[in-house]
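Asks: These protein sequences, in sequence, are chains L and P. Note that this note's numbering has the first sequence beginning at 1, numbered continuously upward. Note that this note's numbering has the second sequence beginning at 1, numbered continuously upward.
Hints should not be assumed to be uniformly reliable.
Calculated cross-link-like contacts (lysine-lysine; reagent style DSBU-like; alpha-carbon spacing at most 30 Å) [stated by the list, open to error]:
| id | chain 1 | residue 1 | chain 2 | residue 2 |
| --- | --- | --- | --- | --- |
| 1 | L | Lys249 | P | Lys131 |
| 2 | L | Lys12 | L | Lys130 |
| 3 | P | Lys8 | P | Lys21 |
| 4 | L | Lys249 | L | Lys82 |
| 5 | P | Lys237 | L | Lys87 |
| 6 | L | Lys87 | P | Lys287 |
| 7 | P | Lys8 | L | Lys82 |
| 8 | L | Lys249 | P | Lys208 |
| 9 | P | Lys21 | L | Lys87 |
| 10 | P | Lys8 | L | Lys87 |
| 11 | P | Lys115 | L | Lys82 |
| 12 | L | Lys249 | P | Lys152 |
| 13 | L | Lys249 | P | Lys111 |
| 14 | L | Lys87 | P | Lys115 |
| 15 | L | Lys249 | P | Lys128 |
| 16 | P | Lys111 | P | Lys131 |
| 17 | L | Lys249 | P | Lys21 |
| 18 | L | Lys87 | P | Lys208 |
| 19 | P | Lys248 | L | Lys87 |
| 20 | L | Lys82 | P | Lys3 |
| 21 | P | Lys71 | L | Lys249 |
| 22 | P | Lys223 | L | Lys87 |
| 23 | P | Lys3 | P | Lys208 |
| 24 | P | Lys131 | L | Lys82 |
| 25 | P | Lys111 | L | Lys12 |
Incomplete in silico selection of chain L near chain P, CB under 7 Å [claimed, not checked]:
| id | residue |
| --- | --- |
| 26 | Met1 |
| 27 | Leu4 |
| 28 | Asp190 |
| 29 | Arg194 |
Calculated from the structure, these hints are not laboratory results. Predicted model only: the values in this text are computed from it and were never measured. The beta carbon of each residue, even a glycine, is placed where N, CA and C say it ideally should be.
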Amino acid sequence: MQYLGLEFYKLKRRHVFLTVLALFLAETFFILYSAYRSAARGGTAADLPWENLLMQIALLNGLFCPFTLAVAASRVCDVEHKGDTWKLLSCCSERMSSLYSAKFACCMILTAAAQAIQYFLYAGYGFAAKYPGAFPAEKFLASYAGTMLINVGVLAVQEFFSMAVANQSAALVAGLFGSFLGFAGALFPDSVRRIFIWGYYTELAQARTVEINGKWTLAPVAVNWEFLAGVLIAGLLIYGIGKHRFAQKEL
Amino acid sequence: MEKAIATKGLSKEYSGVFRVKDLDLQIRQGEVYGFLGPNGAGKSTTMKMILGLVRPTRGSVELFGQRLTEKSRIDILRQTGSLIESPAYYGHLTGMENMRIIQKLMDLPEKNIRKALSIVRLDNQRNKKVKYYSLGMKQRLGIAMALARFPKLLVLDEPTNGLDPAGIEEIRELICSLPAQYGMTVMISSHILSEIDRMATAAGIINKGELVFQGSMEELRAKSSHSIVMRVRSREKAAGLLSDYSPKMTPEGELAFEHVSDDAVARINSRLVENGIPVFRIEERRKSLEEIFLDLTGKAAAL
Numbered sequence: 001m002q003y004l005g006l007e008f009y010k011l012k013r014r015h016v017f018l019t020v021l022a023l024f025l026a027e028t029f030f031i032l033y034s035a036y037r038s039a040a041r042g043g044t045a046a047d048l049p050w051e052n053l054l055m056q057i058a059l060l061n062g063l064f065c066p067f068t069l070a071v072a073a074s075r076v077c078d079v080e081h082k083g084d085t086w087k088l089l090s091c092c093s094e095r096m097s098s099l100y101s102a103k104f105a106c107c108m109i110l111t112a113a114a115q116a117i118q119y120f121l122y123a124g125y126g127f128a129a130k131y132p133g134a135f136p137a138e139k140f141l142a143s144y145a146g147t148m149l150i151n152v153g154v155l156a157v158q159e160f161f162s163m164a165v166a167n168q169s170a171a172l173v174a175g176l177f178g179s180f181l182g183f184a185g186a187l188f189p190d191s192v193r194r195i196f197i198w199g200y201y202t203e204l205a206q207a208r209t210v211e212i213n214g215k216w217t218l219a220p221v222a223v224n225w226e227f228l229a230g231v232l233i234a235g236l237l238i239y240g241i242g243k244h245r246f247a248q249k250e251l
Numbered sequence: 001m002e003k004a005i006a007t008k009g010l011s012k013e014y015s016g017v018f019r020v021k022d023l024d025l026q027i028r029q030g031e032v033y034g035f036l037g038p039n040g041a042g043k044s045t046t047m048k049m050i051l052g053l054v055r056p057t058r059g060s061v062e063l064f065g066q067r068l069t070e071k072s073r074i075d076i077l078r079q080t081g082s083l084i085e086s087p088a089y090y091g092h093l094t095g096m097e098n099m100r101i102i103q104k105l106m107d108l109p110e111k112n113i114r115k116a117l118s119i120v121r122l123d124n125q126r127n128k129k130v131k132y133y134s135l136g137m138k139q140r141l142g143i144a145m146a147l148a149r150f151p152k153l154l155v156l157d158e159p160t161n162g163l164d165p166a167g168i169e170e171i172r173e174l175i176c177s178l179p180a181q182y183g184m185t186v187m188i189s190s191h192i193l194s195e196i197d198r199m200a201t202a203a204g205i206i207n208k209g210e211l212v213f214q215g216s217m218e219e220l221r222a223k224s225s226h227s228i229v230m231r232v233r234s235r236e237k238a239a240g241l242l243s244d245y246s247p248k249m250t251p252e253g254e255l256a257f258e259h260v261s262d263d264a265v266a267r268i269n270s271r272l273v274e275n276g277i278p279v280f281r282i283e284e285r286r287k288s289l290e291e292i293f294l295d296l297t298g299k300a301a302a303l
């Protein structure tokens, strides 16, 4: 906890939370604008606006989350690279493994807080727009929790890059690559998409378009938690490898 | 007296080449130990091994009688402060905020960080962002961070880098005062001999990873053998006349005599005068510490 507090202290004047929030708010704007346009056009999206909203969230999370996580990890890790503080921290009794964990937790907290704000905005918009039907709290919670699980995996990859390579453009390129896979992954066959952890955001759509009697509509799809658990395990594995490698690194 | 640092056969190999080889350092408590060597001799690698930042290929390190291992490292390092290579800092934070990080990491009282900043004369600049500090100020902040817990052992790797002459003098005075004021042992590396000469009570000289000298500064200075140099009119003739004293021709056109007593100098002078060879100058030359250092490290080594 002491190390985690220090990580937040080190971020003073770096505006990391604001940066992360700004990126997520840009995503929120796209999603809500798209939901507004869909509702205005009428049809399925207007009949099932909550489901449509959740589908949009899942789709655009695939685009925005990998890059935003890359930015967060890069900003949090870069403070050490810039001042070459590794030796200083190591000589001040801070274990490198604890530093790795603290940075991971710090990034997770920052993104989880920013995304919580996003989800409140989505719900608030739905209520303000008087979406019909009861608020699907359980589905929203599943979407948020699932996103966090995938974030663990994606962040593990990003932290690995950001801690290992001083030049953060490498980590940001990895983030862009992840965003591409996250967004365009939905177009790939399942067997290909599921190789990459970035492709799992679309698993949280909880609805899919189906054709019934020549009419396109949304059919509910349950979240496959087994897949997500797999992503979490893979993420924790990558995190563990990164942490071990970093702790063993000579300074 | 208990040793502050003792290494045994300390070695580090990188890509099949030993950067540090079989180093047996002995640093007594309360000493200011100057660790000298040309650039690339292995000073920083040695210091990193002493602080557990780099794992030795073989050999061991003991600090205050405790063997440094992966397990014991954190406990042992609580007694040390260090500045390795360049000063480390968070540029977007102020000097005081940087010190606060050290304070929180090491759980230090407020007075320690204020005192450390005042010792390095940064208290007036403490609220300025470190990225706006000069190199010398960053160096002083690095020293303040190392001093913050007023450790038993201070390991400083070229701490005067980037300092102006006044800053160097300040740091020199500070380092010299630490053993008496706070009971600290200081290990300081440098490739500038004169700097160590004015600060250290003991020295170790490393060259190509191997320790070529270790002892007190007096012992180092004692290596400074003297010679008598004479400027005469006919050097070749004089050399033939004094062949029993084995004179050497210097590049400056003089005759040099090693290990000769005062009586011998008088006899040499008399013989030259009696044989009609005018003697213009007789002078004693001592090897400077710089020359001793060059002798020990090989003249080709870059200082």
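Asks: State for each hint whether it applies.
Replies: Cross-check of the supplied hints:
1. Proposed proximity of Lys249 (chain L) and Lys131 (chain P) is supported: the alpha carbons are some 27 Å apart, at most 30 Å.
2. Distance check on the hinted pair: Lys12 (chain L) and Lys130 (chain L) sit about 40 Å apart at the alpha-carbon level, beyond 30 Å; violated.
3. For the suggested pair Lys8 (chain P) and Lys21 (chain P), the alpha carbons sit about 10 Å apart, so the restraint of at most 30 Å is met.
4. Of the pairs offered as hints, the one joining Lys249 (chain L) and Lys82 (chain L) holds, with about 18 Å between alpha carbons and a cut-off of 30 Å not exceeded.
5. Only pairs whose Cα atoms come within 30 Å are accepted, and Lys237 (chain P) paired with Lys87 (chain L) is rejected, the gap being roughly 64 Å.
6. Restraint check: the Cα-Cα separation between Lys87 (chain L) and Lys287 (chain P) comes to about 39 Å, which exceeds 30 Å; the hinted pair is violated.
7. For the given pair, Lys8 (chain P) sits about 35 Å from Lys82 (chain L) by alpha-carbon distance, which is inconsistent with the 30 Å threshold.
8. Of the supplied pair hints, the one linking Lys249 (chain L) and Lys208 (chain P) holds, its CA atoms being roughly 24 Å apart against a limit of 30 Å.
9. At roughly 23 Å between alpha-carbon atoms, Lys21 (chain P) and Lys87 (chain L) fall within 30 Å of each other, so this suggested pair holds.
10. In summary, the hint linking Lys8 (chain P) to Lys87 (chain L) is supported, as the alpha carbons are separated by about 24 Å, within the 30 Å threshold.
11. Taking the CA atoms of Lys115 (chain P) and Lys82 (chain L), the gap is near 27 Å; set against the 30 Å cutoff, the hint holds.
12. At roughly 27 Å between alpha-carbon atoms, Lys249 (chain L) and Lys152 (chain P) fall within 30 Å of each other, so this suggested pair holds.
13. Between Lys249 (chain L) and Lys111 (chain P), the direct Cα distance comes to roughly 34 Å. Violation of the 30 Å bound is thereby established for this hinted pair.
14. For the given pair, Lys87 (chain L) sits about 23 Å from Lys115 (chain P) by alpha-carbon distance, which is consistent with the 30 Å threshold.
15. A hinted pair counts as satisfied when its Cα atoms are at most 30 Å apart, and Lys249 (chain L) with Lys128 (chain P) does not qualify at roughly 33 Å.
16. In summary, the hint linking Lys111 (chain P) to Lys131 (chain P) is supported, as the alpha carbons are separated by about 25 Å, within the 30 Å threshold.
17. For the suggested pair Lys249 (chain L) and Lys21 (chain P), the alpha carbons sit about 21 Å apart, so the restraint of at most 30 Å is met.
18. Of the pairs offered as hints, the one joining Lys87 (chain L) and Lys208 (chain P) holds, with about 24 Å between alpha carbons and a cut-off of 30 Å not exceeded.
19. Only pairs whose Cα atoms come within 30 Å are accepted, and Lys248 (chain P) paired with Lys87 (chain L) is rejected, the gap being roughly 52 Å.
20. With a CA separation close to 36 Å, the supplied pair Lys82 (chain L) and Lys3 (chain P) exceeds the 30 Å bound.
21. Under the criterion of a C-alpha separation no larger than 30 Å, the hint pairing Lys71 (chain P) with Lys249 (chain L) is consistent with the structure, at around 16 Å.
22. This hinted pair does not check out: Lys223 (chain P) and Lys87 (chain L) have alpha carbons roughly 37 Å apart, beyond 30 Å.
23. At most 30 Å may separate the alpha-carbon atoms for a hinted pair to count; Lys3 (chain P) and Lys208 (chain P) meet this at roughly 25 Å.
24. For the proposed pair Lys131 (chain P) and Lys82 (chain L), the alpha carbon gap of about 10 Å is at most 30 Å, so the pair holds.
25. Between Lys111 (chain P) and Lys12 (chain L) the alpha-carbon distance is near 23 Å, which keeps this suggested pair within the 30 Å criterion.
26. Because the smallest distance between the Cβ of Met1 (chain L) and any Cβ of chain P comes to about 11 Å, over 7 Å, the interface hint for this residue is violated.
27. Interface restraint check: Leu4 (chain L) against chain P, minimum CB-CB distance 11 Å, threshold 7 Å, status violated.
28. Against a cut-off of 7 Å between C-beta atoms, the interface hint on Asp190 (chain L) is violated, since the closest Cβ of chain P lies about 45 Å away.
29. Using the Cβ-Cβ criterion of 7 Å, the hint placing Arg194 (chain L) at the interface with chain P is not satisfied: the shortest such distance is roughly 39 Å.
Of the numbered hints listed earlier, those contradicted by the structure are 2, 5, 6, 7, 13, 15, 19, 20, 22, 26, 27, 28 and 29.
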